[in-house]
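Those protein sequences? They're chains A and B, same order as listed. Adding 5 to a residue's 1-based position in the first sequence gives its number in the working numbering. Adding 538 to a residue's 1-based position in the second sequence gives its number in the working numbering.
I should point out that these hints are in silico values taken from the structure, not numbers from a laboratory. The reader is advised that the hints may include incorrect statements.
Listed next, the stretches of chain B that the computed footprint assigns to chain A, with coverage defined by at least 3 CB atoms under 8 Å from CB atoms of chain A [what the hints assert, rightly or not]: (1) 708-716; (2) 825-833.
Computed list of chain B residues with no C-beta within reach of chain A, every gap over 12 Å [to be verified]: (3) Ile616; (4) Leu624; (5) Ala755; (6) Arg764; (7) Val839.
Keep in mind it's a predicted model, so treat the numbers as computed, not measured. No residue lacks a Cβ here, since even glycine has one placed at the ideal position from N, Cα and C.
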Amino acid sequence: MTEDYRRPLLRDVIGEVFKYLVLFVVAIWVLLPVYWMVTTSFKTKLELSTVPPNLWPEKLTWTNYRNLFVGRPFDTYLLNSLIVVLSAAAAAIVIGTLAAYSLARLDLKAKFKSNIAFWILSTRMLPAIVVLVPIYAMYNALNLLNTRIGLILLYTGAALPFAVWMMQSFIEELPIDLEEAAWVDGDTRIGALFRIVMPLVAPGLVATSIFTIIVLWNEFLFALMLISTTSKVTLPVGINGLITMYDWQWGQMTAIGTIAVIPILIFTMYVQRYLVRGLTLGGVK
Amino acid sequence: MMGKTNEQELLMSTQAAMLDGADVPKIPWYRRLTSDWLGYVLLAPTLLILLLMIAYPTVYFIGVSLFRWQGGAMKDFIWLGNFVRLFTDQQFLNSLRVTALFAICAVSIEFVLGLGMALFLRTNLKLRGLWRSLVIVPMTVTPVVIGIIWRLMYNPGFGVLNPILQFFGLESVDLLSTPFGAFLGVVILDVWNWTPVMFLILLAGLEGMPIEPFEAAKIDGAGPVRTFFDHTLPLLRPSILIALLIRTMDCVRMFDQVFILTQGGPGTSTEVVSLYLYKTAFKFYDVGYAAAGLFLLLIFVTLVSQLYIRLIRGKEETA
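Looking at chain B on its own, in the form it has when it is part of the complex:
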């Protein structure tokens, strides 16, 4: 903020110096383009692309979702018929349930593991940098490849899962062949894939915390558990919220890994909402109906984005 006022003063004084004793020339439009409007000119290409990515889909959905499609072409205008159909479509409601359940399971496990590891690796440890590099390996792997790796791991014949289960005296399983097993398989994959993100965000939050409250707590003789709940958690709250929100949204976006690992099956047990709408649009060419579902998804994401912005703002104000 201070920088900005300095900059304005400076601009005014240099302008004044330039104009001193000279006739005030009328500034042509193309010069004003690089002075008064420069901020907007530099933003123009970004704005154009964002319009294409958000505004155009919105208009498209509003238009297309009002029609019934048949054979890949618009047929009749049916008002909100597609939306009514969505709320009575068991498969759509199932995909919402699967997505929600998946997000809740995956995010909560990742949160507990990520927080644990962040607290753990924050304390003095030899080769900490190495450990940190190690932990972020999973998130670098291409999602399609991740799907393949885990499919290989889960393979009941030559996969690695069953030898491990046998080592612990458990029975062999064909994990992806049962609805519950397949769901579990997707959750495990996601936990492997994305716990590092949770860990990194929380670690950054931990490292950014002031040291005074902890020293005070130590002097007061508070134990580690007490200190954690009284000081660490409240101070970490903004980072926790950001981490949970980002990860939840990524779970809603989940597509590639499920597409490779289970294709939504068996049955519809792992059919997340992205996958269901993908099938509706590109396999059954029911575009109007898919548009209605996608429109609801778009609205949901927009609302969450608003929330996220407020969160970041709030954090900056308290910081």
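Chain A extracted, bound-state conformation:
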């Protein structure tokens, strides 16, 4: 009896230790690069080139952060990113929610509906460069190169697949009864959409907005090619600008990297629950 009891116990302990050992390794693997970025951003110029590098800065300094805003226009880049990303996200959410409602609730020809789904998905999967070359030619002809509105338009298009697919899946999850009750009370479909559906999908709307903002905040190639004036440059392109042939500004690059990542990190933690839905465009919930 005692032996039967003891053996699984020992195995459990070993299993438990092994489990936390694996988790420990995973945690280091995941966090080391981020840790390295954050600590590097607080190192002095001298300490940056220490070989081998120090795990923890000998002397913490804010110089790298200050230089971003004193010597360089990173406040402008941050502001530009905010303007472009928020405008495009707002546009994509409004346009996308209307489309999502239509796809989820209204009578459309089945063939038409599946065509739309396919188009939206293709847009999500297309490499940015495929869209960029034709759009560049078009913007060149329309004088939209190097304008914020041009970038906002393109970002709206880039964010639309996420907005439509996520919102569609959220709306489909709502029971239709409440809307029906509103129609009986004489509400129009649009009226019911705004008075009944919108408040109910509010959490989904927030998740979709955040997801859209994250995708756009990180976008690089479109902004790199479409914007050339310093006063209109967005954050990722500004970061790229710190890289020159001879001199990598490690301190400043890691400092701005830290600044760029923090809001996204907070947002992502908030929408964790819906991440999979956004990533697979509703393929897995």
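Could you slot chain B onto chain A? The hints should help.
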């Protein structure tokens, strides 16, 4: 589906009630806009943007790819000359090889790690929520910043890679200076960056599985390995396919990280197809030729999208 029929009945009955005893007025066009055609009206802005993102590029590619470009301007009409050139262009074929090899290596490693972690974190574990939040940190980092971080990590002087190698008794390396090392560096970066996606999709799949087959297997006395191959894998198949497809397509899209980390070098060892076509169009201004390559890429993506839609549909039908 049931909701829809209810809704139609309701609409009909309310319409009937409204019309009861009254003259049937001719519905003006602007009213029909919000009743009969409402579905299409709400979709119109989305359709317009999608036309711009897919249909316009297609037309553009078909037109432009038939011309030879010189000095940033269209020169002569050469029929399918650009396409013929693509298939004899060693650098283009190399970029396809690099992309394919990169996708295969990165996705398979991510799949094994992601599945392992999903199975692992599914079992009872303290602070599971915390672990899950931790694991998704890499995918929140801006791709440009990821390129910078890893370039810093790989730096042979003050990077962190060599101290780690030395700790394990291995020789120091300048990873990004050799073709194989640079390729490995990109794969490692991608594995760090995107294993969380694989993990999240597979975890969602695992959590959505019915519990009965597993209880039955337990009663039958099947071991964990047996249960995994007999029940877990088949039930997880749709999620696995979705995860693999999404990640493979993202590998084909890969640009930012490579652009920062290696610029495609040394030589062309990490020049993925996006990067090659970017250089062709915006560095060498060979737009007609780039358009031909991009057109092939567009067709490829379109075909895969079709596949993905069928996959999701199939999943909904079996569910």
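Now the hints, each set against the structure:
Counting residues of the segment 708-716 of chain B whose C-beta sits closer than 8 Å to any C-beta of chain A gives 0, which falls short of three, so the coverage hint is violated. Evaluation of the coverage hint for the segment 825-833 of chain B: fulfilled, as 4 residues show C-beta separations to chain A shorter than 8 Å, against a requirement of three. For B:Ile616, the non-interface assignment is confirmed: its Cβ lies about 18 Å from the closest Cβ of chain A, beyond the 12 Å cut-off. Every CB of chain A lies more than 12 Å from the CB of B:Leu624, the least distance being 15 Å, so the non-interface label holds.
For B:Ala755, the shortest C-beta to C-beta distance to chain A comes to about 20 Å, beyond the 12 Å cut-off, and the non-interface label holds. Listed as a non-interface residue, B:Arg764 keeps its Cβ farther than 12 Å from every Cβ of chain A; the least gap is roughly 19 Å. The beta carbon of B:Val839 sits about 5 Å from the closest Cβ of chain A, which is not more than 12 Å, so the claim that it is off the interface is violated.
Hint check: violations occur at hints 1 and 7; the rest are consistent with the structure.
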